[in-house]
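Protein chains in written order, with the numbering used here: chain E, 11 to 409; chain A, 3 to 183; chain Z, 4 to 112.
No lab work stands behind these hints: they were computed from the structure. Ideal placement from N, C-alpha and C gives every residue a C-beta, glycine not left out. Among these hints, one or two may not hold up.
[To be verified] Here are some of the chain E residues that sit facing chain A, going by a computed Cβ distance under 10 angstroms:
#, residue
1, Arg18
2, Phe20
3, Ile185
4, Thr189
5, Ser285
6, Val286
7, Thr355
8, Leu369
9, Gly370
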Amino acid sequence: MSDNSDRRRFISGNEAVALAVRLARAQVISAYPITPQTIVVERLSEMVEDGSLKAEFMHVESEHSAISAAIGASAIGARTFTASSSQGLLYMTEGLHYASGGRFPIVMMNACRSVALPWSIFGDQRDSLSLLDSGWIQVYVEDAQEALDMTIQAYHIAESPEVLTPVMVNLDGFILTHTYEPVYEPRQEEVDTFLPLFKTPNKMDLDHPRSLGFSTSPGDNQEFKYQQHQAMLNAIPAIETVDNKYASQFGRRYHGLIEEYRCQEADVILVTLGSVSGTARMVVDNLRKHGQKAGLLKLRFMRPFPEEALRKALSHCRIVGVVDKDISFGYEGTVFTNVNSCLQTLPDSPKTFNFVGGLGGRNISKGDIETIFGLLFAAADKPSSKRVQFFNMRCQIHE
Amino acid sequence: MIEVRWHGRGGQGGFTAARLLGMAAALFENKYALSFPAFGPERRGAPVLGFTRIDDQKITDRSEVEQCDYVVVLDDTLVAANVWQGIKPGGQLIVNASDSSDLPVPTDINIMRFDATSLALEFLGQAITNTAMLGVLLAHSGIVGCESACRAVEMSMPVKLANKNISILKQAFQMTLEKMR
Amino acid sequence: MTNYNTNPIYPAITPFQQPHHIDDYPTGPGCPSAQLVEGHAGWRTFRPIINQEKCTACWLCYLLCPDAAIFKNNNKATINYSFCKGCGVCAKACPMNAIDMAKENENER
Numbered sequence: 011m012s013d014n015s016d017r018r019r020f021i022s023g024n025e026a027v028a029l030a031v032r033l034a035r036a037q038v039i040s041a042y043p044i045t046p047q048t049i050v051v052e053r054l055s056e057m058v059e060d061g062s063l064k065a066e067f068m069h070v071e072s073e074h075s076a077i078s079a080a081i082g083a084s085a086i087g088a089r090t091f092t093a094s095s096s097q098g099l100l101y102m103t104e105g106l107h108y109a110s111g112g113r114f115p116i117v118m119m120n121a122c123r124s125v126a127l128p129w130s131i132f133g134d135q136r137d138s139l140s141l142l143d144s145g146w147i148q149v150y151v152e153d154a155q156e157a158l159d160m161t162i163q164a165y166h167i168a169e170s171p172e173v174l175t176p177v178m179v180n181l182d183g184f185i186l187t188h189t190y191e192p193v194y195e196p197r198q199e200e201v202d203t204f205l206p207l208f209k210t211p212n213k214m215d216l217d218h219p220r221s222l223g224f225s226t227s228p229g230d231n232q233e234f235k236y237q238q239h240q241a242m243l244n245a246i247p248a249i250e251t252v253d254n255k256y257a258s259q260f261g262r263r264y265h266g267l268i269e270e271y272r273c274q275e276a277d278v279i280l281v282t283l284g285s286v287s288g289t290a291r292m293v294v295d296n297l298r299k300h301g302q303k304a305g306l307l308k309l310r311f312m313r314p315f316p317e318e319a320l321r322k323a324l325s326h327c328r329i330v331g332v333v334d335k336d337i338s339f340g341y342e343g344t345v346f347t348n349v350n351s352c353l354q355t356l357p358d359s360p361k362t363f364n365f366v367g368g369l370g371g372r373n374i375s376k377g378d379i380e381t382i383f384g385l386l387f388a389a390a391d392k393p394s395s396k397r398v399q400f401f402n403m404r405c406q407i408h409e
Numbered sequence: 003m004i005e006v007r008w009h010g011r012g013g014q015g016g017f018t019a020a021r022l023l024g025m026a027a028a029l030f031e032n033k034y035a036l037s038f039p040a041f042g043p044e045r046r047g048a049p050v051l052g053f054t055r056i057d058d059q060k061i062t063d064r065s066e067v068e069q070c071d072y073v074v075v076l077d078d079t080l081v082a083a084n085v086w087q088g089i090k091p092g093g094q095l096i097v098n099a100s101d102s103s104d105l106p107v108p109t110d111i112n113i114m115r116f117d118a119t120s121l122a123l124e125f126l127g128q129a130i131t132n133t134a135m136l137g138v139l140l141a142h143s144g145i146v147g148c149e150s151a152c153r154a155v156e157m158s159m160p161v162k163l164a165n166k167n168i169s170i171l172k173q174a175f176q177m178t179l180e181k182m183r
Numbered sequence: 004m005t006n007y008n009t010n011p012i013y014p015a016i017t018p019f020q021q022p023h024h025i026d027d028y029p030t031g032p033g034c035p036s037a038q039l040v041e042g043h044a045g046w047r048t049f050r051p052i053i054n055q056e057k058c059t060a061c062w063l064c065y066l067l068c069p070d071a072a073i074f075k076n077n078n079k080a081t082i083n084y085s086f087c088k089g090c091g092v093c094a095k096a097c098p099m100n101a102i103d104m105a106k107e108n109e110n111e112r
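If we strip away everything but chain E, and leave its shape as in the complex, we get (with noise of 0.2 angstroms):
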């Protein structure tokens, strides 16, 4: 382990991973800039003017595009990376399913921002959330370090030969984005016994003509979906695997695909994703110092779904709540959608919660997860509990 005192940076989430697309050697960038993710996309133009990031920086007209020559870039053997948010990510979606259905291991940062309308900048779940289906792996960070530990494993977990899948690292929009904070920056040479060369036989070269992007008939679309899905499976392993090497060279370990947070024995878990699991953690502690079993499950990938993991951490609960920064208009929260099934095969699985809030922009604070435990814990011996509410509601509904 490297001395790392010299190492220490004062920036925000959108800095560390611009140091992280830096260190990892990405050889073509194209983004167009969107708030909140705008100064990524400045900084690496600027690494790039200075010399220090040899990378091309490709000036696009849209996300679409940005996408588009993204997916083009990485057909030809380059290391690429894009950024968008909101309105941007969702203008590239159609991108977005050429890329994994073609096996482009591209990097992307969201910064995720509700979707309009109404118009808003603020930061909320909606657009990654809404975005599962494409085919990309998706984690969601908490703090800048992870942010930049995590793109950079993006690259090695997006480039293993069995997967093969691009991936979204996001990060919520302002509060972690804009939000300034110390954050270890690896050496280069650290980052380059790291992460290997990318190497791929999916590309287009003239010593070995490939066909790339074909169309398909009804006999043969399917067995390629399949590849995608077990592709995507084989990300599970991957991930574990990049997560213990980069611990062990680097000393940070960020656990996988869920982080459980004083999760033994708790008579009510929490199931957050994002920035919201910090505020939560202290909630958490709060009440273990007054004797209330409480325990924190941050879910860190929402694709590939850690089904199994969550299934062995929240067997033993009879209490899960789980917070949504979306709605499934007419339904319920996509993450809580998403942990219901697969708790389904559990033969006595827990009672679960869920709880909307914190949609386009509205804070979450300490009291809002503490009123939300009252209810888990007020759950156990009330059957007729709501099963999907809003919280922190700022009038009067219809109850």
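Knowing the structure of chain E, use the given hints to seat chains A and Z on it.
Frame of chain E; chains A and Z shown alone:
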């Protein structure tokens, strides 16, 4: 944990002050800090809110700051209810204002004034008061040392500008210490 | 704040009513036109002052103002200070240099 709120107008360096304080604590005093702005349309003149959280251990809480230990105001025309609300009992409001200006603050709020504008015009040639007010805050609160703040300034600006800002920071710091005696 | 908003062509500033019940919200993010809840005066640090002696009523400022805060008043360009945000585009564009940007006096806002 110490929580500081900064009020300024876009272009006055309110968020820079929040960031410099966090940087000083995190990089030069082995503490943990979070600095973040509150968000709204960005343009010159619009009110800007910055926050700094400082603690000895890692801060994982990213929710909005609700009750502050210190509130620093770079522009006295911003002083209104949203400025003096949300201060912890015993907390302190620090305002860039001359002794004669009229501030409509309730009597139960601890308020300290400092004429950073005059100092800034003298040292910097323009009314950018953020580093001066940082000096005032540090002299009053001791949350971070003056030297650490100067090193943060040094790290954040081109040399000539940094030197001017370090001078004004130290000057405001000294003047506040003397005022408090 | 002095209300300069006496010109009938300008929308009225409607005081904001916080909805108390979900039914108080409109269906979707829309509202009757000409419903503004605040002027722009709070954003200003400099205000444009038109020297009426120099003004030739060319209407360039009226056309360029991003907030449509300049209106024609008896063949003289006049500024609606409720909606002027002090961006200075008018001052920059005026071919007669008839507009000065003066520091905002908080008592006059």
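Problem - Non-conforming hints, listed in increasing numerical order - result: 7, 8 and 9
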